[in-house]
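**Q** Here is what each chain is made of, one letter per residue.
Protein chains: 2
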Amino acid sequence: MRVAVIGLGTMGAPMAGHLLDAGHEVTVHNRTRERELPLAERGAARAATPAEAAAGVDAVLVCVSDTPDLDAVVFGADGVAQGLAAGGTVIDCSTVSPSATAELAERLAAQGIGLVDAPVSGGSEGAENGTLTIFVGGSPDHVERAQPILQAFGKRITHLGPSGCGQMAKAVNQVMIAGTYATVGEGIALAQAAGLPLEQLMEALSAGAASSWVLANRAQNMVDDSYPLGFKVSLHRKDVAIALDEAGRLGLDLGVSQVVLAEEDDLIGEGHGDEDVSALARIAKRRSVRP
Amino acid sequence: MRVAVIGLGTMGAPMAGHLLDAGHEVTVHNRTRERELPLAERGAARAATPAEAAAGVDAVLVCVSDTPDLDAVVFGADGVAQGLAAGGTVIDCSTVSPSATAELAERLAAQGIGLVDAPVSGGSEGAENGTLTIFVGGSPDHVERAQPILQAFGKRITHLGPSGCGQMAKAVNQVMIAGTYATVGEGIALAQAAGLPLEQLMEALSAGAASSWVLANRAQNMVDDSYPLGFKVSLHRKDVAIALDEAGRLGLDLGVSQVVLAEEDDLIGEGHGDEDVSALARIAKRRSVRP
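Respectively, the protein sequence lines represent chains A and B. The numbering of the first sequence is our numbering, which starts it at 1 and goes up by one. The numbering of the second sequence is our numbering, which starts it at 1 and goes up by one.
Don't take every hint at face value.
Which copy is meant is left open, because identical chains are indistinguishable; a pair holds if it fits in one copy or across any two.
[What the hints assert, rightly or not] Simulated crosslink set (DMTMM-like; lysine to aspartate or glutamate; CA at most 25 Å straight-line):
no. : residue 1 : residue 2
1   : Lys238    : Asp58
2   : Lys238    : Glu144
3   : Lys285    : Asp245
4   : Lys285    : Asp224
5   : Lys238    : Glu128
6   : Lys232    : Glu144
7   : Lys285    : Glu25
8   : Lys238    : Asp21
9   : Lys285    : Asp141
10  : Lys155    : Asp265
11  : Lys232    : Asp266
12  : Lys155    : Glu199
13  : Lys155    : Glu52
14  : Lys155    : Glu203
These are computed hints drawn from the structure, not numbers from a lab. Note that this is a predicted model, so its numbers are computed, not measured.
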């Protein structure tokens, strides 16, 4: 297929690489244009604007940070909507608002363009290895057309309903990890302050009801009080805010997620926004006055 | 070995059964004495009081609900301390305060009696199958003497330090599950209110960073809004309070655990204290005003 990839960050760049490897005809564009170069060396065409990238392709894959960025790339000056022909598909792998996604889908549909929301989980490692989990929303025909593209970097691709449902599923994912990270951090802080032998403890904990991906993969960060990426606090904070916004629309009040949002605001205020989400352990540890 | 088992509830009764199966000479006592009968039929001796049960045995296994119960069984009228000879060991499988455990150990040591704290994780199912995780505290010699007993019903037995360390490790376990249950409940409430297809969603979520024992084993309760035991809200609430008490002594302020404690108080107040901890999802769901 002819595919444009817009947004060549930690996630978008390896995704574009997988599309090249899979034999697709790839055009790339990034606001900071140097980022296009390594992909151009591997055979991708370069485009000066989203509109130019979208001209003549079957699908445009967008991978940006937030809802306003997505709006700008699609409907801004020289945006995708000015280049992509009717019948094309926009595949959005950013994590953005489910409600905004449903609106975007309507606006694009008026031009005969389909929207597939396809936020991913699995981090930079998953993007590089092509093993991402992808939560997909959109009409069945557009989702089917997007499959060859998603399969180039996704291991588990789940279609969950019409436009916005992929984003809603991602919001659920981000809510579920919120309290898990925080509570594992609180447990580690308690264990450490009490002087328990942490290696043996974690082995014992991982055998039972406390076991989780976070415990298995991020407890060591918390023990070491060192939080390399991973997944940034600031991006998770954005995602939890999206989830809480949607929850509010639905009349739900999610107490633990609200606490985690506030704790992440504290972390960002203290300069830890670029650390991995496991830095939530800092909050549990910082009030420690060791006897 | 000659072993007394005091407290024949959901956990203690199957533990005593495993000790009989392993060929130990078992004496049982329970406040409600009828509970002794099924074990007596399998060969256990019965005793009218903890002191009588403790007379002439090598070790006394105690399995009660809370710190005051443990104090009463050990140091109350006709308590274990009046029956057990110097050189004996008290093995406490209850979940109680780490600080109180350290004090209890000192008082027993004055009588030449050892204390091994050995709280368990794995629930009634683990007790029945003999596959419990056991967090152990105590001096190395007493812990070694307790091994044949713990091995009768424990699958993973971890010695974490002196008296109280087993209880502290259990407190860490209860903190780690607190936020996980709550946050999985919040995610399910959001997914359900948004109308996502829950079976497919959970399958997708379980592939990534949101995966946990709670998601794998308790999300279906939350989806069905039905919370069979499991592990009671009221007992987890007690355990989180113990953990927060210890955290306070150590100068730690555990925000998510505090929210979960308050939510569990609400559940208990609403009559849901005997349900499984997954009933925390009720809190996230109850504020829902479906549009």
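**Q** Each of the hints needs a verdict: does it hold here or not?
**A** Taking the hints in turn, this is what the structure says about them:
1. Lys238 with Asp58: Neither. Shortest intra-copy (31 Å) and inter-copy (59 Å) distances fail the 25 Å Cα cut-off.
2. Lys238 with Glu144: neither (30 Å within a copy, 51 Å between copies)
3. Lys285 with Asp245: Answer is between; shortest inter-copy Cα gap is 16 Å, intra-copy 29 Å.
4. Lys285 with Asp224: Within one copy only: 12 Å inside a chain, 37 Å across chains, cut-off 25 Å.
5. Lys238 with Glu128: within (23 Å within a copy, 45 Å between copies)
6. Lys232 with Glu144: Answer is neither: 32 Å inside a copy and 46 Å across each miss the 25 Å cutoff.
7. Lys285 with Glu25: neither (50 Å within a copy, 47 Å between copies)
8. Lys238 with Asp21: neither (32 Å within a copy, 56 Å between copies)
9. Lys285 with Asp141: Neither way: lysine 285 and aspartate 141 sit 50 Å apart in one copy and 34 Å across, limit 25 Å.
10. Lys155 with Asp265: neither (33 Å within a copy, 42 Å between copies)
11. Lys232 with Asp266: Classified as within; 14 Å inside a copy, 34 Å across copies.
12. Lys155 with Glu199: Intra 32 Å, inter 18 Å, cutoff 25 Å: inter-copy only.
13. Lys155 with Glu52: Answer is neither; intra-copy 30 Å and inter-copy 63 Å both fail.
14. Lys155 with Glu203: between (29 Å within a copy, 13 Å between copies)
In terms of the numbered hints stated before, the structure departs from hints 1, 2, 6, 7, 8, 9, 10, 13, listed from lowest to highest.
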